Amino acid sequence: MDNMDLFPLMLSFQVAFIASIIGLIIGLPIAWLLGKSKGRWVEVVDSLLTLPMILPPTVLGYYLLVLLGRNSVIGQFFESLGLPLIFTIRGVIIAATVVSIPYFIKTARTAIEGVSKDLLDVARVLGRNEVEIFFHVILPNAWRGITAGIVLMFARALGDFGTTLMVAGSIPGVTMTMPIAIYNAMLAGEQGKANTLVLIMTITAFIVLIAINLLNRKVWSDQR
Amino acid sequence: MIKAQITKKLPSFDLELQFEIPQGAVLGLFGPSGCGKSITLRCLAGLLEPDQGFIKVGEQTFFDNKQKIFVPARKRKIGFLFQNYALFPHLTVEKNITFGLKDLPKEEQKKKAHSILTKMRLVGFENRYPFQLSGGQQQRVALARTLVTDPSLLLLDEPFSALDSQVKSKLEKEVIELKNAYSGTMILVSHSLEEAYRLCSHIAVMENGRILQFGSRDEIVHQPVNRTVARFVGTKNIFDGSIIARNQDYATLRLRSYPIDLKVPNPNFDNTKVSAGIRPSKIRLFNANDGELKQRENTLQAKIVQNIIEPDGQKLFLKLDIPFVEAPTASTQAIQEYDLQVQVAKSENLDDSKIYHQGESCYIQMPVQAFALWPT
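Residue numbers (this note's numbering), protein chains in the order written: chain C, 159 to 382; chain H, 1240 to 1615.
Honestly, the hints are just simulated from the structure, not real lab data.
A quick note: this is a predicted structure, and the numbers were derived from the prediction, not measured.
Heads up, a few of these hints could be off.
As the list claims (entries may be wrong) - Here are the simulated lysine to aspartate or glutamate pairs, EDC-like style, with alpha carbons at most 16 Å apart:
hint	chain 1	residue 1	chain 2	residue 2
1	H	Lys1334	H	Glu1347
2	H	Lys1350	H	Glu1333
3	H	Lys1314	C	Glu290
4	H	Lys1558	H	Glu1599
5	H	Lys1341	C	Glu290
6	H	Lys1242	H	Glu1259
7	H	Lys1341	C	Glu288
8	H	Lys1316	H	Asp1389
9	H	Lys1314	C	Asp279
10	C	Lys194	C	Asp204
11	H	Lys1316	C	Asp279
12	H	Lys1314	C	Glu288
13	H	Lys1295	H	Glu1259
14	H	Lys1502	H	Glu1536
15	H	Lys1558	H	Glu1576
Can you build the whole structure from these sequences, using the hints too?
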């Protein structure tokens, strides 16, 4: 324990935190639009957004490598700015965001759709526009579900292994996150280190589940 | 004045209607579930856009597809009362009421809210949340929230159907009082004839997206223009036949299904094939030994097939003592166990002899003016 490198732990939490904020900013408007729209295209978009949940992490990582790598337009653009994406912390954050955002969008969309249509109609008749309705009617009535989505997203971002490894490698002190550190510790026979990290991950996951359950239970008791 | 002419394609039928009501009128849209009443209301409120036509309220045009005008709901200043109240669960009573007043200064909002709360007898409930209120109180808050915005048109979508009958009649009374205080126009959707009749000056009977009949409430109930409307408004007894003679104030109707003629009002249309309807409460019932009454017009002998005793009277199903020639329509063929349905009020003294029993013989008399006629 004494000489244990805490960098992977710090990096993982940092990355999960940033990925969650990015996911919230991008995902909430998407969840809102999906929740209020009708038609076939909505389900197509929803399926596309769900794809990262279904695809093997390595496949997802491969796509990201192709999209963001040194030979791609995007990769070259960021490279020219002096901010290469792959094999850097930026790559880790992008990988974590992509794998975790579907969990948030799905949960948030369900929560937003759960707000009674009549409440939205009443607000419209009472003179409020759609943005006001989002902040004054949807958010106050769907925040628990949205928060549960954030917690899920954070947990997923914290635990990503495959995609992160593909996009950012496992450079100690740079891109080596906790799940990768656990893998490396195990390979190197450092049982003690692996055990500690595994315990931290397990406790985190458990806390996340308790938080989600509490949020869900509150949702039900509110409606009674 | 409200003038509307709208068409809209819907999955199961096309909405296609037009009507015009004066300022201050109360219009009831009455019809079975899924006939397009609520959709009409949503079109008027601007929550749905019709495909074609126009909607004018007073001087304002809210919708006109030729001029490409569609005023969104938030700019129409129309009041809308929902069946399930639709109060904001996260806001207190007071905040619910001021929700539609965001353009006014805070002081003004408080003043207006207080005045409407007083009017609706909700003082003391300002800081409660909707789930802490009874159904009737919730609906009063919803009403207050709508009225506080001074809408020029108030739309009510089955506003009392979720309430028990006592609270319901109390609220109805309040709505009528409010209506008298506020000169705006009201349009109410209902699937209950009684409710529509009590609250409305005009009624539009709807089916499958169309208005079958539009008129004053008494016209609708006592002069239905066709069989469907007659059935909707509770004209249980319908006879088909042809007019064989016309006089100054009455006509003779030869029935198709029974070998008799009835004396009915002279219809104001030329068709000879007609239907005559009479409401169960308009048929007089008397005992076999009441000789003098037998001399009146349209008196027939009948047997009681079934009696249902109700709090304020009896509902009787009768079979006429004359042979049945032919089934009136395919739909009534199946239920030819009785020919007539009669509603009798309870007499003031609880005299048991006035209760008609199953199997008993009796006489019925149908007054000429009690018939409604329409061409078949």
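Structure-based check of all given hints:
Under the criterion of a C-alpha separation no larger than 16 Å, the hint pairing Lys1334(H) with Glu1347(H) is consistent with the structure, at around 13 Å. Of the supplied pair hints, the one linking Lys1350(H) and Glu1333(H) holds, its CA atoms being roughly 11 Å apart against a limit of 16 Å. For the suggested pair Lys1314(H) and Glu290(C), the alpha carbons sit about 14 Å apart, so the restraint of at most 16 Å is met. At roughly 11 Å between alpha-carbon atoms, Lys1558(H) and Glu1599(H) fall within 16 Å of each other, so this suggested pair holds.
Annotation: proposed proximity of Lys1341(H) to Glu290(C) holds, straight-line Cα distance about 11 Å (limit 16 Å). Taking the CA atoms of Lys1242(H) and Glu1259(H), the gap is near 4 Å; set against the 16 Å cutoff, the hint holds. About 15 Å separates the Cα atoms of Lys1341(H) and Glu288(C), which keeps this hinted pair within 16 Å; it holds. Between Lys1316(H) and Asp1389(H) the CA atoms are separated by roughly 8 Å; this keeps the pair inside 16 Å, and the hint holds.
Only pairs whose Cα atoms come within 16 Å are accepted, and Lys1314(H) paired with Asp279(C) is accepted, the gap being roughly 13 Å. As the CA atoms of Lys194(C) and Asp204(C) are separated by approximately 13 Å, the hinted pair is consistent with the 16 Å bound. With a CA separation close to 13 Å, the supplied pair Lys1316(H) and Asp279(C) stays within the 16 Å bound. At roughly 13 Å between alpha-carbon atoms, Lys1314(H) and Glu288(C) fall within 16 Å of each other, so this suggested pair holds.
Proximity of Lys1295(H) to Glu1259(H) is assessed by CA-CA distance (about 9 Å); at most 16 Å being required, the pair is judged to hold. Our distance criterion of 16 Å between C-alpha atoms is met by Lys1502(H) and Glu1536(H), whose separation comes to about 7 Å. Simply put, Lys1558(H) and Glu1576(H) have alpha-carbon atoms about 7 Å apart, close enough for the 16 Å limit, and the pair holds.
In this structure, none of the earlier numbered hints is contradicted; all agree with it.
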